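A.B. asks: Each chain, written out:
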Amino acid sequence: MTGVLVLLERHAGAIAAASCEAVGVARSIANGGPVVGLLVGPGGAAGATGLGVDRVLLAESPNLDHPSGAQLAVLLAAAADAASSTTIVVPGTARGRDLVGRVAVRWNASAATNVTEVATSGSGALRVTRPVFGGRATEELELPGPRQVLALKPHAFSPPATSPAPTPVEPLALPEGLAKAPALDVRGFQPTVGGKGPELGDASIVVSGGRGVGTPEKFQVVEDLAEAFGAAVGASRAVTDAGWRPASYQVGQTGKAVSPQLYIAVGISGAIQHIVGMVSSRVIVAINSDPQAPIFRVADYGIAGDLFAIVPALTQAVRAARSH
Amino acid sequence: MEIAVLVKPVPDAETRLRPDAKGLALDPEGVKWVLAGYDESAVEQALLLKEAAPGTTVRAISYGPVARAEEVLRSALALGCDAATSLEAPPEAPTDAVSVARALALALTKHPASLVLCGKQAGDDEGGIVGPAVAELLGLPDLGVATNVRWDGGPGGLTMERSVEGGLEQGRTALPALVALQQAWNDPRTAKLPNILKSRKAPIERIPAAEVAAAMAPSAATAPRRLGFRLPPPRTGAKMIEYKTPEEAAEKLVRILREEAKVFP
Ligand SMILES: Cc1cc2nc3c(=O)[nH]c(=O)nc-3n(C[C@H](O)[C@H](O)[C@H](O)COP(=O)(O)OP(=O)(O)OC[C@H]3O[C@@H](n4cnc5c(N)ncnc54)[C@H](O)[C@@H]3O)c2cc1C
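These protein sequence lines map, in sequence, to chains A and B.
With our numbering, the residue at position 85 of the first sequence is 85, and numbering never jumps.
With our numbering, the residue at position 239 of the second sequence is 239, and numbering never jumps.
Next comes chain A alone, as it looks inside the complex (with noise of 0.2 Å):
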């Protein structure tokens, strides 16, 4: 039997969408071994009910308000040993990520991130998957035992069905080596500019314009489809170079890899330079008056069409659909 133990990561209060889907993941790989959540900083146990873990350890104290990566590998080492965890899986947060080479050195454990399937092999091993080359490729690699740190890859993983059943929390013993990490000073925080929907990297849905859209007035259309859907609004980089929309909306080789469920292109023509950046999305659509467009090469559907026309009239679709 082997333990798993899921890093539980809080934006604003509620635990991350990746860490419940961090959950489901280790719940798939603990071949029935107790499935434990760590939960850093003050906040007590808020969120931590309905998650699907077996139990929270909580680790409690008031500089813990920004850990550091190295006071949270001193943790995650601290809180699998002290469940008996053998797998240690983390949310593929930017923070989340970070964890891996700093746990894979001090608990001395095999590491992998960005990982889209995991399964058990025998003897304590996992074998993974991960996209490489920017989804141009994938690679599947045996990580030994009997200690393992994972990073997901976030929208890569279903989160499990929530449970009302109330989670027992424990405190975490805070271990001794944590004085000697060293802190992270944060100063401020700004929130991205221009979001009102959901992170760029971090939304299932991402509606993305490009120069077809024409001017920065114009660019309103994608906005509007994004609201309906509720999803992120990003750019091509003819977008963001032209000022229309700030660089944060970068899309591609230079701007953000995003891998949504939904990715929809908007006036974008599909040079490989903005498809890296969004070839590993599960459902790629295009709208282009070209039906030439190279991005009907990556796309799985495709409009051939004025996006004026035919962007307002799916966000009506859109809209209509989901208040049914």
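Hints in this document: simulated from the structure, not taken from any laboratory.
Worth double-checking, as some hints may not be accurate.
Okay, derived cross-link-like pairs now, DSS-like style, lysine-lysine, Cα gap no bigger than 27 Å in a straight line [what the hints assert, rightly or not]:
1) A:K180 with B:K110
2) B:K32 with B:K201
3) B:K262 with B:K244
4) B:K262 with B:K252
5) B:K22 with B:K50
6) B:K252 with A:K218
7) A:K218 with B:K244
8) B:K244 with B:K50
9) B:K32 with B:K22
Predicted model, so just to flag it, every value in this text is computed and none were measured.
Following the hints, put chain B with the ligand in place on chain A, whose structure we already have.
C.D. replies: Below, chain B with the ligand alone, put in the same frame as chain A:
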């Protein structure tokens, strides 16, 4: 201040990916090895800090088969780095991230730096493990996905912004520290021809394979074993939606997203 930049040779972005004969890795035949995009941002950051604080020296460090590592080290020198160290890969050339981190930590023990910069990940395996592992091995604080790194001139103050979920975090750390850079936020410079020519003849320190192998040995047992390297089935092209009116196109797409693709509740 002494700055070290960790740089990785990766296949050029134009490379046509092909599995090798065993189907375990990228076929290296004909691949052009270049400085990883994220590492270009790290080199640029090092040079910006150097320009802002005279007396700063920048050393580029790379691990890999000698020809590849020295190729990217020469690129780093041509861009303006002052010195370069090449860690010669042992014959079996381990590539797992923790082993590589141990090799890089060896070079950093020989050349202690108050600031270690690297890319947040490399463009090939996209692991993001090496930087934090180096920090853990050397007992340094580390900050990931950083942009806009600034130094106030003293040992107390390196400030930066980090793009994390939901926004930008403003962070601060004492030195020594390791900072992993976000890609392309700083518009990396390109090398000038005379500097490229000069870099061809510049000396590169080489740490021999035997010494590198000894540093890597402790993580041999945990190194992941490669079972396969695959290309996804070629995308066959979009299924084009036929329609007479925009409303019809919209309704058909919503139905497909719901019933066929199941990405819409
Ligand atoms: C080193 C480097 C890095 C780069 N990094 C990135 C990156 O990270 N991200 C990125 O996106 N790009 C990047 N680029 C730029 C990239 O090469 C393309 O130039 C860019 O992606 C083009 O943006 P676009 O598709 O919006 O514009 P265009 O290529 O101009 O395409 C506009 C499209 O809109 C369509 N269109 C026009 N009018 C309408 C209409 N009324 N209705 C429907 N469709 C219409 C056209 O048919 C056309 O296909 C990079 C380039 C380089 C050299």
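A.B. asks: Below or equal to 27 Å on CA atoms is what counts here, so check K218 (chain A) against K244 (chain B).
C.D. replies: 24 Å, holds
A.B. asks: For the pair supplied as a hint, K262 (chain B) and K244 (chain B), confirm whether the alpha-carbon distance does not exceed 27 Å.
C.D. replies: 25 Å, holds
A.B. asks: Can you confirm whether the C-alpha distance between K32 (chain B) and K22 (chain B) stays at or below 27 Å?
C.D. replies: 21 Å, holds
A.B. asks: Regarding the pair K32 (chain B) and K201 (chain B), is the alpha-carbon distance no greater than 27 Å?
C.D. replies: Roughly 20 Å between the alpha carbons, so the hint for K32 (chain B) and K201 (chain B) holds.
A.B. asks: Is the Cα-Cα distance between K180 (chain A) and K110 (chain B) 27 Å or less?
C.D. replies: Roughly 24 Å between the alpha carbons, so the hint for K180 (chain A) and K110 (chain B) holds.
A.B. asks: Compare the distance between the alpha carbons of K262 (chain B) and K252 (chain B) with 27 Å, and conclude whether the hinted pair is satisfied.
C.D. replies: With a Cα-Cα distance of about 14 Å, the restraint between K262 (chain B) and K252 (chain B) holds, given a limit of 27 Å.
A.B. asks: Straight-line Cα separation of K252 (chain B) and K218 (chain A) no greater than 27 Å?
C.D. replies: Distance of about 25 Å is within 27 Å: holds.
A.B. asks: If you draw a straight line from the CA of K22 (chain B) to the CA of K50 (chain B), is it 27 Å or shorter?
C.D. replies: 45 Å, violated
A.B. asks: For the pair supplied as a hint, K244 (chain B) and K50 (chain B), is the alpha-carbon distance within the 27 Å limit?
C.D. replies: 62 Å, violated
Hint violations for this structure: numbers 5 and 8, all remaining hints satisfied.
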